[in-house]
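Student: Quick note, the sequences are listed as chains H and C, same order. Be aware that the first sequence starts at 1, since it is given in the numbering used here, and climbs by one per residue. Be aware that the second sequence starts at 1, since it is given in the numbering used here, and climbs by one per residue.
It should be emphasised that the hints constitute simulated quantities derived from the structure, not laboratory data. Careful: at least some of the hints might be erroneous.
[To be verified] Listed next, the in silico EDC-like pairs over lysine to aspartate or glutamate satisfying Cα-Cα at most 16 Å (straight line):
| id | chain 1 | residue 1 | chain 2 | residue 2 |
| --- | --- | --- | --- | --- |
| 1 | H | K5 | C | D450 |
| 2 | H | K45 | C | D450 |
| 3 | H | K17 | C | D78 |
| 4 | H | K5 | C | D25 |
| 5 | C | K181 | H | E2 |
| 6 | C | K181 | H | E44 |
| 7 | H | K5 | C | D63 |
| 8 | H | K5 | C | E455 |
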Amino acid sequence: MEHIKTIVTRNLCESAKNGGCGECQTSCQSACKTSCGIANQQCEKESK
Amino acid sequence: MIHQYKLGQYNIVLDVASGAVHAVDPMAYDIIALFEEKDRDEVLCEIAGKHTASKEDIAACYDQVAALKASGQLFAPDTFAESAGVLKEKTAGVVKALCLHIAHTCNLNCAYCFASQGKYNGERSVMSYEVGKRALDFLVENSGTRRNLEVDFFGGEPLMNFDVVKKLVAYARSIEKEKNKNFRFTLTTNGLLIDDDVIDFANREMSNVVLSLDGRKEIHDRYRVDYAGNGSWERIVPKFRKLVEARGGKNYYMRGTFTHENPDFLEDIKTMLDLGFTELSMEPVVCAAGDPAELTKEDLPVVMDQYEKLAALMLERDKEGKPFTFYHYMIDLEGGPCIYKRISGCGSGTEYMAVTPWGDLYPCHQFVGDEAFRLGDIWKGVTSPETQKQFADCNVYARPDCRDCWARLYCSGGCAANAYHATGSVRGVYRYGCELFKKRMECAIMVAVDRALRE
């Protein structure tokens, strides 16, 4: 019986190897302007 | 570290360091809760007393949990602390986003405005074309190899200085090819001055438009009044509808603020939906302690409940084929930000700065007007490196309160301005905001799980 369904997610540990290009949007720019959250940011790097 | 919670029909387990998300049954949920504390036999025994499953099934479930741990998707260690300064070091001196305070004046007189009716505790002022042009040059000169540059036209009310906005966009477009840059503009407006010219321009040139609407007419008109005290709802809603209809699917946000007057803000979101808007943002008010608009301790459970109901409404509307976006529930589990972004903080004062109408630089729009945080100006650049250093050193691991928080890789340490206003330090923590943020993330992840499992 399947007890656990794992949702496909980006592996953050793996992203340490090739991330950090810095092209993504500044966190609070363009929408909220009064709080910080990076969860809703898109990665702009083409080869992740 | 893991975070477990039950929301909607789901038992969710989040593995903080790897970012893995699991939807589990009640037995797996209980096994995971015990897994790091007890050995295998103890866990199996305790679970057998609580769940009516066969011994084999319980053991199989335990082994699935163990396999996830072995593959780094549960209880993964957080080894990121030493990388916390890396991205900022790599990009030291690079500026990629400016908030242009195109007008320190406003045609509305909203008592809850964090910018003191657009004046930022100073004199009314508008940015000249020369200052704006220099700000854009400053951005290009300091953006290094970064191609995507973001510029927000902010205020006050930027449309009170619309001619300068148009000229600045034209100037930016004239240099972007030669400089190998891609400008992404945003306009934030209260809507009063929107006309066909603005609609045409905004829909052609603005990557995003942020339209301020608080939802229900009586809520909106409580704060968003003109200088004669008249509400603005009736005047702006038709303009917003026209702009959004003409926008042809390009990004926009209908952005509201909720206060102590409307902790039941879901009603305001429903009003926005009824008006036909689907890209929504609703923010807790930012104001001085003791302000009548301030959200209270008593408001907190109401707001938390509203966030859960909002998530449920999103799923309902999904099923009806009428989906909508809520800014704080946007989460891309597969394509979201890398770990460097997640631990570096929001970038205020380093890659992101605000420019006043007279060309001074501040760490972000929320620090404008507080002279102690002036970084320099667009001609000489940063002339107060010690002020900038406070922000350069700001990351999720620099805040002791964040180290043990499950949400640290989603909020990146939170808003420096909120932290400063709540605690007197940009490295502090605005706890009320944290509570709201954590609830929003739980809801956002639940919605993402539901959508992923339906696919």
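Student: So, for every hint listed, does it hold in this structure?
Tutor: Against the structure, the hints come out as follows:
1. Restraint check: the Cα-Cα separation between K5 (chain H) and D450 (chain C) comes to about 11 Å, which is no more than 16 Å; the hinted pair holds.
2. Proximity of K45 (chain H) to D450 (chain C) is assessed by CA-CA distance (about 27 Å); at most 16 Å being required, the pair is judged violated.
3. Using a Cα cut-off of 16 Å, the hinted pair K17 (chain H) and D78 (chain C) holds, with the two alpha carbons roughly 15 Å apart.
4. A distance of roughly 9 Å separates the Cα atoms of K5 (chain H) and D25 (chain C); the hinted pair therefore holds under the 16 Å criterion.
5. Proximity of K181 (chain C) to E2 (chain H) is assessed by CA-CA distance (about 50 Å); at most 16 Å being required, the pair is judged violated.
6. Simply put, K181 (chain C) and E44 (chain H) have alpha-carbon atoms about 15 Å apart, close enough for the 16 Å limit, and the pair holds.
7. With a CA separation close to 14 Å, the supplied pair K5 (chain H) and D63 (chain C) stays within the 16 Å bound.
8. Between K5 (chain H) and E455 (chain C) the CA atoms are separated by roughly 13 Å; this keeps the pair inside 16 Å, and the hint holds.
Violated hints, in rising order: 2, 5; the structure is consistent with all others.
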